[in-house]
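Q: I would like the entire structure built from these sequences, with the hints used as guidance.
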Amino acid sequence: MKKMELAIISGKGGTGKSSISAAFATLNEQVVLADCDVDAANLYLLFNPSNDEEVKYISGHKAVIDYFLCTNCGLCVDHCRFDAITRDKDRVAISGISCDGCFLCSRICPENAITMVPSDRSMMYSGSFRNGKMVYGRLAPGEENTGKLVTMVREKAKAVSKEYRIENIILDGPPGIGCPAISTITGVDKVIIVTEPTISGLHDMQRAAAIVLKSGRIPSVIINKSDINPEMSDQIVEWCNENSIPVAGSLPFDTKMVEAMVNAQSIYEYDPENRINNTIKDIWYNILNDN
Amino acid sequence: MIKIAVASGKGGTGKTFVATNLFYSLLHDNQNAVLVDCDAEAPNAAAFFNTAAAESQEVTQLVPVIDTERCTFCGKCREYCNYNAIFILPPVKIINVIDELCHGCGACSVACEFDAITEKPVPLGNVSRLDIYGNTALIEARSKIGVMSPVPVIKAALRKIDSIADIAVLDSPPGTSCPFIQTVSSADYVILVTEPTPFGLSDLKQSVETLRILEKPFGVIINRSGIGNNKVQDYLLDEGITLLLEIPYSKETARLYSMGRLPVEKDPSLETQLLRVFDTIYEKDGVSDYKR
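In order, the protein sequence lines correspond to chains X and U.
Mapping of the first sequence onto our numbering: position 136 corresponds to residue 136, and the numbering continues sequentially without gaps.
Mapping of the second sequence onto our numbering: position 96 corresponds to residue 387, and the numbering continues sequentially without gaps.
Each hint should be verified, as a subset may be incorrect.
Each computed DSSO-like pair below joins lysine-lysine, with the alpha-carbon atoms no more than 30 Å apart [claimed, not checked]: (1) Lys148/X / Lys507/U; (2) Lys451/U / Lys62/X; (3) Lys542/U / Lys575/U.
Hints listed in this document are in silico derivations from the structure and should not be mistaken for laboratory results.
A: Here is the structure:
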């Protein structure tokens, strides 16, 4: 067996990525667990890791006008491609919400009236938990550039795995298929897509599979809560077969999963005898052996 | 018109469930309403209605094209690019644009003193208008596979809704970063959907913090109540946040919804409750002058 970096994504949110990541993590004596869902990081709630290191993350910059210097010439309004600068009554106004932080306005302003202020309220944390090491990012409310923070979390996870000689890294990914999801799967060894047997689950799994295939790898699929709609589960299996995407396993809906979360444990810790754990173990060891 | 965004920090709490069922209830109540699917990375709302595609518009972004005959490899464009989208090796005269990293800000064109940069549009996704019985009912933002940011597509969808209906229900993307901010900042009121679990509560707090910074009025719907614990209710009480509705967990609801059916079609009491949520929003001072 060699080192493995496994990413778990879903397309649709709430299909059970974090619960399944937690179960995988607790099967191992030593693992590096990285929470890449930086705008809704949750795994630290289950594992309460020690806070050994905190690093500030500059998520981007926002343009700010000094009205004392501004002559209201409007050059910045004409150049901004993000509709962030408007003429508001008699003066130019910048919307922090729309500002993309490209710096162009600050470069072209003839009066040097625009400065770029860094957004530095986001953090990356790393520490130890009961099954190894944990790295996670927390994006401050309303901040952006999630993809860059995901990359930073992954680099730290790799450094930690090297330093402590821990073989496997598990990345709990974000929902969606945009920049944070792409940053989570770029260059990993294995990708698992967790889906659920709903029309939304199927549709979003197809889109998630497309970004993985585009990156040149073949994902495997876990169907969570598979008994909520067995016919839809069959449809998912059928689609996977047609597209040569392996189905790693199916897990039935079980309220024990929720109870485990409420008790800050993984399903493997909370209810070790639960039948779900057999499937989870099978999936984990199959993926490890296949790597 | 009034714009109501349905959002959540955590994914899968039931945003689309609430948005689609609320929209159906409003139509059934003869309201002039439109549903806008702003979850461009994972758009699912259309699957719940019998819609006919009426119009689709491609959303593009400009990326630079560099004329290597004119380029002197001075590097000023790379210096201006804040997204590391320009790669340049002057000794061997190599200059490349990495389209995926480009945000289309135009800074490189401004930087270039040798007229070596022109721009070409690249597709980011589509905004589609879907009709029900010949009336505009749904506007869908759908980003293209592999596109980094859904924000330009979301913005394009939001630009379409002005004055096309009395009520717009915006199905928001999850999280609290740029796609979420873009959606909720255009809304008059935000319904946050959560579930009564530790993950649900943690992500709800993050959303609440963000909406307070944005100074947006909001209330909360607890979906799947009965699972998990009561900590979300306690939190709302402590913070004085309006609890708009609790929707109990039901296997039958989950099953119907999994097939692309709307539980509200068969459940008049859910319709009444969702319309009451709408009235509550109306009655909050300053939120809107629109009354159903």
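Q: Hint by hint, which ones does this structure get wrong, listed from lowest number up?
A: 3
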